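Enquirer: Order-wise, the sequence lines are chains B and R.
One point on numbering: in the working numbering, the residue at position 254 of the first sequence is 254, and numbering is uninterrupted.
Start counting at 1 in the second sequence, then tack on 391, and there's your number in the working numbering.
Just so you know, these hints were derived from the structure itself, not from any lab.
Simulated pairs of lysine-lysine, PhoX-like, Cα-Cα distance not exceeding 20 Å:
#1 R:K663 to R:K643
#2 B:K184 to R:K495
#3 B:K310 to B:K288
#4 B:K257 to B:K313
#5 B:K287 to B:K257
#6 B:K288 to B:K313
#7 B:K281 to B:K257
#8 R:K495 to B:K197
#9 B:K303 to B:K313
#10 R:K643 to R:K574
#11 B:K195 to R:K495
#12 B:K244 to B:K3
#13 R:K493 to B:K195
#14 B:K184 to R:K493
#15 R:K672 to R:K643
Among the chain B residues that face chain R by a calculated CB cut under 8 Å, a handful are:
#16 D50
#17 E52
#18 H60
#19 A72
#20 A74
#21 I94
#22 P205
#23 G209
#24 G212
Here are some of the chain B residues that sit facing chain R, going by a computed Cβ distance under 8 Å:
#25 A26
#26 A51
#27 G68
#28 A69
#29 A71
#30 I91
#31 T207
Just so we're clear, the structure is a prediction, and the values are computed from it rather than from any experiment.
Glycine included, every Cβ here is placed at the ideal spot set by N, Cα and C.
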Amino acid sequence: MGKRVGMEVSIAAAEVVGLCDVDVIAAYPITPQTHIVEHLSELVAEGHLDAEFVPVESEHSAMSTCVGAAAAGARTFTSTSSQGYALMAEICYIASSLRLPIVMAVANRALSAPINIWNDHADMMMSRDTGWIQTVAENGQEVVDLLLHAYRVAEDPRVLLPVIVNLDGFTLSHMIEPIWLPDKEEVDRYLPPYKPKLRLDPRNPMTFGPVGMPEVYTEAKKAQDEAMNGALPVIIEAWGEFEKQFGRAYRPVETYKTDGAEILFLTMGSISETAMTAVDKMRAEGKKVGLVRLRLWRPFPAKELVDVLKRAKAVAVVDRAMAFSTRSGPLCVEVKAALYDHGVSPYVQNFIAGLGGRDVTVEDFEAMAAKTGDGLSKGLPMAYEIVNVRE
Amino acid sequence: MGIAAEALKDFKGFNPKKLPEVEPLSPGHRACQGCGEILALRQVLKALGENVIVASATGCMEIVTSPFPQTAWRVPWIHVAFENAAAVISGVESAYKAMNRKGKIQQPDVVFLAYGGDGGTADIGLQALSGALERGHNFIYVCLDNEAYMNTGIQRSSSTPYGAMTTTSPPGKKSIGQRTWKKNVAYIAAAHGIPYVATASPAFALDLMNKVKKAAAVPGPAYLHIYSPCPTGWRHETDLAIEVARLAVQTKVFPLYEVIDGKWILSRKIAKPKPVSEYFKVQRRFRHLTEKDIEEIQRRVDEEYEELLRRCAMSGEPQKPEGKETEEG
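With the sequences and hints as input, model every part of the structure.
Expert: Given below as structure tokens:
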């Protein structure tokens with residue numbers, strides 16, 4: 001039986017990775033990811049986890065080491081944030097292209113400059129096209145559950161893609177929360193041993209990472225796109241199995257009080273819990289407001305998202321990163337594209353909020369709802385706004 | 392006794408009459424005619440045999456051996472990127488270590504080899520290399536040094552020798568060509584205090600292969616710096632790669648030595664060195680140099696060789712006599 005503990009989310013993340021029979025962990029320190037790998041190194045040092053902890057000299061080498069280890073058939077883990085993520089991005093593309101089931105926790109943090117160690121989603125958005133499956137956690141329990149789910153999905157022979165679990169830096173990574181930690185037996189029941197289809201093995205020599213000439217490169221990329229699309233049903237199936245075993249349900253797109261809502265917020269990450277509080281308050285005041293949370297960022301669940309959003313008159317998309325000059329945050333760009341593709345056109349308002357660790361409050365959500373409602377009723381042009389910016 | 396000396400105390404070199412027939416790197420690859428680098432790499436692989444996993448940096452040797460769907464590799468091989476071969480092999484080695492320990496595999500004797508060119512080693516890959524050497528992974532790193540970025544079209548690297556013409560160090564009215572002295576990566580590797588460092592040359596094949604065998608035998612990291620003539624980039628005749636490599640040793644431009652447990656040992660003493668001008672005259676990359684330039688370079692070559700002799704003398708190890716001209720190659 002698992003146990004209910006009060007634990008820092010980063011420590012809980014390390015604990016569950018430690019239960020997953022990981023063979024190689026390669027890590028480099030960067031705030032706010034450090035507590036995760038510190039605790040993993042403690043688990044190894046104390047003999048609780050039998051793994052090689054490789055204290056590499058950069059994030060670039062962290063991902064390179066994971067690629068080498070995964071290609072050799074090992075179960076691997078690493079974690080990063082922000083600038084470190086940017087440094088390893090080159091190899092993130094290669095990890096997914098080589099179809100290696102690496103799992104990484106990203107404690108999301110703003111990108112420099114100015115240097116800022118606090119939370120937003122700039123790093124998540126920078127790497128949205130690295131070809132990794134990406135899930136997003138809202139609280140500590142979800143971090144634990146999604147990491148366990150990540151290994152199961154990544155190593156599924158129908159998928160074989162690396163998976164990132166995104167958790168907001170500090171606002172989630174450093175919180176102490178009540179968390180149900182599974183025990184080893186429960187983890188083993190959910191997660192079968194990793195059986196690599198292909199590995200670097202002198203008894204059966206293979207060439208990994210060859211040159212792709214123009215006559216094969218396009219086909220390789222199309223195959224990768226199909227693998228990513230094909231992962232969606234497996235991700236959902238693995239969440240179904242998780243729900244059966246653990247009783248907690250996950251969906252690519254999750255909703256909160258959306259019935260009868262005229263205005264729907266769309267959020268990702270820990271800010272969603274603030275949004276729920278705001279929705280509760282506004283609902284109590286008779287306002288028809290609901291919340292949609294994107295759990296799965298890649299593969300992008302466009303149809304599932306549109307199926308929910310199309311019921312509303314207006315959508316307020318809250319982005320936690322900039323896409324300079326586009327007058328839409330990176331999330332909103334994709335939402336608008338999905339709506340257009342499906343022939344649905346609600347009124348879409350885009351708010352950029354919570355950059356570099358700035359708080360987003362219940363009052364901010366109320367103001368965003370009011371602005372969206374106002375724009376909708378007056379027929380104003382669809383707007384793009386940076387919330388609470390000092391001009 | 393140091394860990395390398397301990398591992399090598401019963402070392403037996405290859406018999407030149409019975410060299411291994413195995414060719415882990417198959418013929419039919421796409422290297423330029425007369426390439427000295429692929430000869431050196433072939434010798435490395437022959438010395439290691441088939442129970443090996445290879446990580447390649449981006450570069451000539453990567454691109455000429457792996458155009459999908461063809462491959463010249465008969466042993467497991469992985470290429471990830473330019474600067475990270477040492478980090479990739481760190482992962483492969485760690486995986487084998489963990490999986491053997493945990494009983495997931497029973498393959499304790501696999502040899503791990505990473506290689507890169509001088510750009511992938513002395514420049515962009517130096518950090519990953521230093522990290523892997525410092526962490527003590529049990530692997531061999533081979534730098535195949537052809538003294539410039541040949542794969543991208545002969546641009547200068549920090550391993551390009553002073554005065555050489557490259558496409559980004561062109562000689563001109565205000566330029567001698569390469570204006571910096573060659574970075575000594577073997578010395579940098581030795582400064583990590585790893586058990587085994589050596590320089591080698593494909594012109595001295597037996598010496599090269601024996602050093603590779605030693606590198607595989609010592610526990611922990613081993614670094615080999617291998618001189619790799621490039622007819623295309625050095626502008627020498629395509630049948631001269633081995634001759635150029637031999638001249639580099641005979642002129643003291645590229646001395647052959649080992650560093651075993653921190654002790655420096657000359658592989659062959661050059662008692663009657665040839666002048667560097669003999670080495671320069673067969674390569675058009677040096678043809679713009681004046682006599683005065685060559686004198687300056689000769690002085691520097693002599694000084695560096697003396698410095699190497701001092702290191703060897705200080706080590707107090709028995710040094711080998713001068714090798715016979717006709718011994719190999």
